[in-house]
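Undergrad: Read off the chains here:
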Amino acid sequence: MAWKALDRLTPVAEGEAPLLSEALREKIRSFFPRYETKRAALLPALHIVQNTLGHVSYQAMEEIAEVLDIHPSDVLDTLSFYTHFWTHPKGEKVITVCRSLSCEVMGGKEVLDEIKKQLGIGLHETTPDGKYSLVTEECLAGCDHSACLLINEKLHKCVKPEDVAKLLADENNDKIDSERSDLFDPPPESAVTKTDASDGTSDANEAQEGN
Amino acid sequence: MAKIIIDNQEVECQEGITVLQAASKAGWDVPHYCFHPGLSIAASCRLCLMEQKMPHPQTREMGWSPKLMPACQTPVRDGLEVRFASDKVKQNRANCLEFYLLDHPLDCPVCDQAGECHLQDYSQRFGNAESRMVDQKHVTPKKDIGPKTLLYTDRCVLCTRCVRFTQEISGTNELCLTNRGSKNEIDVFPGRPLDNPLQGNVVDLCPVGCLLDKSFLFKRRVWELKGTPSTCPGCAMGCSIRVDQADEHVYRLKPRYNPKVNDWWMCDEGRFGFEYVHDDKRIAAPVVRRGKDKTTPEWQDLPGILKTRFETHVREHEGASVAVVLSPFMACEEAWLLIRFIRDIAPSAVLVMGPVPVEGEDQQFPAGATGDAVKFTILKEKCPNKRGIEMLLEAAGGETLAFDAFVEKATAGEFSAGWVVGGYPKAWVEKPVGKAAAKFELLVAQDMFENEFTAAADIVLPACAWVERDGSFANHAGLIQPFARSIEPPAGAMRDGQYLFETAGFEGIYSGERVRELMAATIPAFNEVCEAPPVPAHTH
Ligand code: SF4
Ligand code: FES
Ligand code: FES
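Chains A and B, in that order, give the protein sequences.
Residues in the first sequence are numbered consecutively from 1, following the numbering used here.
Residues in the second sequence are numbered consecutively from 1001, following the numbering used here.
Some hints here could point you the wrong way.
To be verified - Listed below are the simulated BS3-like cross-link pairs for lysine-lysine, each with C-alpha atoms no more than 30 Å apart in a straight line:
{"no.": "1", "chain 1": "B", "residue 1": "Lys1294", "chain 2": "A", "residue 2": "Lys38"}
{"no.": "2", "chain 1": "B", "residue 1": "Lys1294", "chain 2": "A", "residue 2": "Lys116"}
{"no.": "3", "chain 1": "B", "residue 1": "Lys1183", "chain 2": "A", "residue 2": "Lys117"}
{"no.": "4", "chain 1": "A", "residue 1": "Lys160", "chain 2": "A", "residue 2": "Lys175"}
{"no.": "5", "chain 1": "A", "residue 1": "Lys109", "chain 2": "B", "residue 2": "Lys1426"}
{"no.": "6", "chain 1": "A", "residue 1": "Lys116", "chain 2": "A", "residue 2": "Lys38"}
{"no.": "7", "chain 1": "B", "residue 1": "Lys1254", "chain 2": "B", "residue 2": "Lys1294"}
{"no.": "8", "chain 1": "B", "residue 1": "Lys1307", "chain 2": "B", "residue 2": "Lys1409"}
{"no.": "9", "chain 1": "B", "residue 1": "Lys1142", "chain 2": "A", "residue 2": "Lys116"}
{"no.": "10", "chain 1": "A", "residue 1": "Lys4", "chain 2": "B", "residue 2": "Lys1148"}
{"no.": "11", "chain 1": "A", "residue 1": "Lys90", "chain 2": "B", "residue 2": "Lys1183"}
{"no.": "12", "chain 1": "B", "residue 1": "Lys1260", "chain 2": "B", "residue 2": "Lys1281"}
{"no.": "13", "chain 1": "B", "residue 1": "Lys1226", "chain 2": "B", "residue 2": "Lys1214"}
{"no.": "14", "chain 1": "B", "residue 1": "Lys1137", "chain 2": "B", "residue 2": "Lys1281"}
{"no.": "15", "chain 1": "A", "residue 1": "Lys90", "chain 2": "A", "residue 2": "Lys38"}
{"no.": "16", "chain 1": "B", "residue 1": "Lys1409", "chain 2": "B", "residue 2": "Lys1426"}
{"no.": "17", "chain 1": "B", "residue 1": "Lys1294", "chain 2": "A", "residue 2": "Lys4"}
{"no.": "18", "chain 1": "A", "residue 1": "Lys175", "chain 2": "A", "residue 2": "Lys157"}
{"no.": "19", "chain 1": "A", "residue 1": "Lys90", "chain 2": "B", "residue 2": "Lys1219"}
{"no.": "20", "chain 1": "A", "residue 1": "Lys38", "chain 2": "B", "residue 2": "Lys1375"}
{"no.": "21", "chain 1": "A", "residue 1": "Lys157", "chain 2": "A", "residue 2": "Lys90"}
{"no.": "22", "chain 1": "A", "residue 1": "Lys109", "chain 2": "B", "residue 2": "Lys1148"}
Said to hold, decoys possible - Which bits of chain A does chain B cover? Going by a derived footprint, with three or more residues having C-beta under 8 Å, they are:
{"no.": "23", "region": "24 to 37"}
{"no.": "24", "region": "91 to 103"}
The set of hints was computed from the structure by calculation and includes no laboratory data.
Cβ coordinates follow ideal geometry from the N, Cα and C atoms, glycine included.
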């Protein structure tokens, strides 16, 4: 055929080894009793995998499907609905700048431009050192303190372009001070291959909790 | 029966259906995309919205609801009053359609669906002729999602019929809805293509030109096609289908709704399995052999030749024994005519059931379903009329034989004359039968493709494909299902029914219906044929 069509017949080439360790699979299975069906554990499973591996690759989606006994297309369907989930590696910290109305009016755009300039990356890009990724999102529910941005799950309010340098320099700019939900309790130390506490990405709770 | 009022008109309807179904049945043209009677209800396209009378929350007085309600999701109940003919409802349709068209490529001139597209039709009937869109439209590339289908992403109206089909009917779940909001797209998981034995149905379900059939792509404009009601010969189920042809060429097969057999669906094997019809290796003309001599008789002489040859044979051979192999691809009518002809001349002629092709196991969909949960079945018996031939053999009485036993006896020289009917789409003579075929003093082979019988036969008759004939098949459950003629046989050939009709001593034009009437006199089962019921005009 002379014209082009996206090839969906060939799998996305990724590493062969199973990405989900037995412990991780067990952690997902431990959510089964909470629901009537196994497929209902899909959201917790996605969180668990992203928290542990940093992102949910196509290979990981296939493995999740296997654990939940569903078709990988179901995993893709749900995962792609939420911008929270990444299908490719992201930086250690994700900066999410609000692009909704109040923040836009209060200079959110300028903050975004400043971050782009200082980090030297555009939207959906990651710095070469793997430290930061940059995205925008609709309202972060902090409109009364516009402009807002998130660094991982930590909400920063009333941000101005001149604050950006200081913010980026702060090692703890993503540490949240609220209590963690027990929903995504990290599995026992020994069970997971990656160490949790030390790395920022695995600190993830649901986004709202940081607010 | 429930009585509801639609646009001030009282409508009687079956309980348990939706207002949309009741209205369509009563002749209303209610636009809809997401609703399909064979699938679960999504109520997402918002085209079918209507006004409904409801009690006022404070005064309890009945009045029109301020909010529009989906007709596809509202079950009928006695006394319900709704209206479609109001400005509010009409405005909603026009607005929805404008939104559907906002980001829809207007590539109808190169879109296969044009002419049977419900976005075209609805926009014309219920929408606006002009677009107010001033911005650039999204251009999203098409996706190669499976061996048989292409997905033109930007033509999708996101009705999710296709997704629900793979979830609820085929049970294979390949399709999904990715992303959210304005970025929504239908997709498959990369490397897990849409590839199941019922995949062709998603193309029928798609109300627009998003999911298209690769085998039909750019072959023909649909308004040039002429549809004929038929029955699929692919397996013993006998799905009700429509044959779409143009210029005597079959372009595609589509299922017709038949709740007794196939509901709205058909399988790919049947849908795409008609290519042999246009194979140029088909036998197209009759041949009469005498020694090394080969002649092509005129069709009008043929009944006479056949009759004389068999009569002479029986007269001149003491103890002549005649065998007839009836193929499960013959129509009941054709088989009946042939039996009648042969038993008139040789009352003790042996009747043989031709080989019944069997492949694998019966397949139920969704996989693993049982009882009422089964939505579709593909049978392992890959021929349309074994049951019909059985009925005729039973009615005819006398000696019958299985095909293998026939070959054995024929090889031993036990038959002096024979008539072997094939007409199978694939090579059907599996074991060598050359020795058996050579033993006949008079052999007629009626077939579509050359084989050892046609090679040895004294008279070779072309058999026509089912789309070139008319008659009926009895499916596995004994339902007698008629099929009509869609195209002419290849040049030089004549419909089997016609020459068998004349050979059996009848005059005039053969028609399945005419012969069925004659048959019904002795075989009452043929009084009743199973026709697919009519579907309301404005449904799809
Ligand atoms: S591809 Fe067709 S059937 Fe599937 S959601 Fe889009 S418009 Fe509907
Ligand atoms: S608009 Fe930015 S937080 Fe609501
Ligand atoms: S909302 Fe009723 S048919 Fe789509």
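Undergrad: Work down the list of hints and note, for each, if the structure agrees.
TA: A quick look at each hint next to the structure:
| no. | hint | in the structure |
| --- | --- | --- |
| 1 | B:Lys1294 / A:Lys38 | violated, 71 Å |
| 2 | B:Lys1294 / A:Lys116 | violated, 87 Å |
| 3 | B:Lys1183 / A:Lys117 | holds, 28 Å |
| 4 | A:Lys160 / A:Lys175 | holds, 20 Å |
| 5 | A:Lys109 / B:Lys1426 | violated, 68 Å |
| 6 | A:Lys116 / A:Lys38 | violated, 42 Å |
| 7 | B:Lys1254 / B:Lys1294 | violated, 41 Å |
| 8 | B:Lys1307 / B:Lys1409 | holds, 25 Å |
| 9 | B:Lys1142 / A:Lys116 | violated, 33 Å |
| 10 | A:Lys4 / B:Lys1148 | holds, 16 Å |
| 11 | A:Lys90 / B:Lys1183 | holds, 21 Å |
| 12 | B:Lys1260 / B:Lys1281 | violated, 37 Å |
| 13 | B:Lys1226 / B:Lys1214 | holds, 20 Å |
| 14 | B:Lys1137 / B:Lys1281 | violated, 49 Å |
| 15 | A:Lys90 / A:Lys38 | holds, 28 Å |
| 16 | B:Lys1409 / B:Lys1426 | holds, 25 Å |
| 17 | B:Lys1294 / A:Lys4 | violated, 53 Å |
| 18 | A:Lys175 / A:Lys157 | holds, 14 Å |
| 19 | A:Lys90 / B:Lys1219 | violated, 46 Å |
| 20 | A:Lys38 / B:Lys1375 | holds, 24 Å |
| 21 | A:Lys157 / A:Lys90 | holds, 23 Å |
| 22 | A:Lys109 / B:Lys1148 | violated, 47 Å |
| 23 | 24 to 37 | violated (count 0) |
| 24 | 91 to 103 | violated (count 0) |
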